[in-house]
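Asks: Respectively, the protein sequence lines represent chains Y and A. Quick note, the first sequence lines up with residues 1 to 207 if you use the working numbering. Quick note, the second sequence lines up with residues 1 to 207 if you use the working numbering.
No incorrect hints appear here.
Where chains are identical, the list cannot tell them apart; a pair therefore holds if satisfied intra-copy or between any two copies.
The list that follows gives simulated cross-link-like pairs (lysine to any residue, SDA-like), each with its CA atoms no further than 20 Å apart:
1) K181 - D114
2) K189 - A81
3) K124 - L166
4) K170 - D104
5) K206 - Y162
Hints are computed from structural coordinates only; laboratory data are not their basis.
2 protein chains.
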Amino acid sequence: MELSQRQQRIIEIVKTNGPITGEHIADQLSLTRATLRPDLAILTMSGILEARPRVGYYYTGQTRHKLFADELKQYIVKDYASHPVVVKSDMSVYDAICTLFLEDVSTLFVINHDGDFVGVCSRKDLLRSSMVGEDIHTMPVSVIMSRMPNINYVFAEDRVIYAANLMIEKENDSLPIVQEKDNGQFEVKGRISKTTITKIFVSLFKE
Amino acid sequence: MELSQRQQRIIEIVKTNGPITGEHIADQLSLTRATLRPDLAILTMSGILEARPRVGYYYTGQTRHKLFADELKQYIVKDYASHPVVVKSDMSVYDAICTLFLEDVSTLFVINHDGDFVGVCSRKDLLRSSMVGEDIHTMPVSVIMSRMPNINYVFAEDRVIYAANLMIEKENDSLPIVQEKDNGQFEVKGRISKTTITKIFVSLFKE
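With the rest of the complex left out, here is chain Y (with noise of 0.2 Å):
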């Protein structure tokens, strides 16, 4: 909504003296009442000033992030998802970080030999083990991986800004999707990260 400049001012105003009356806004713009009345209009029903009988023009600020909110609501993780990385949790962890090379991930997500989701293994926990002197040929990942249920996911239908809030809250730079299976674990679907939210803060601006 691109405002006017006398809008703006208006905005300012009952920003610094609100509640304030249509007439006092009026006298220190040196208009008249009649002459702001279509500003005040638009201002109110856009949501930006609310009017009191009695009272006057107050600046409810609120409308632009409910705005905002309104939009990312919108946002689903299933329109989103990446292809997840699975390994098998008897994958020796040298064959771990060579498959996290070759996919260019940070996340690694382990499943059993029934392909129940059993756990994550991060770039962070692959540095770690190749560090400590084991042999990492013949370790396998389920033994440096985090376990299930230590586990944040999403599921496809979660809203992306539930993933994004869970993110940085959890300290986890993906999270995988998933989906219950009959047996009551979980199969991993997808995947979504901290890049699949800069790029749609990116598409917000270009769009």
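Use these hints to put chain A onto chain Y, whose structure you have.
Replies: Here is chain A on its own, set in the frame of chain Y:
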């Protein structure tokens, strides 16, 4: 901006039938042109619809994204700078890995003994070097780092959206925030990362 149901219906009519005159919109709603005038004023002043003389109203559809773009332009790198983790170029790869763990970052920024910014060392660079069997206790990070000028960076006054776009295009997880020194070299003043962007994304929703 909260639109009334009637305003939303007008938008739908113009989307489907535009360009369309005010009279035809009024016909479709079984209302008079006079009744609609305030709504059409709101919708054109807010930029959702545009009116062309002798043509009618048409839908611009740009408002929401223009508003986002205007908002995002206000985010400046310096206001979101994190503490940079900086190491000397003669630090051993082993010590660099320890620093990375202790500081819990994805990237180390490397300086020479004059404090000039000379390179970047990522978790991936360190993981790779720890795998190939080199002696990471004696090898300095300068051997494995990415070097200037092949490094992406931003300045404190740059827009966050520029940094976000650079991280996506160059596939960097974080960027150094630099300042030019008297000798023409750069000093590292801060860091901005995909985590920063994800935090801003979450704050857009929560504020």
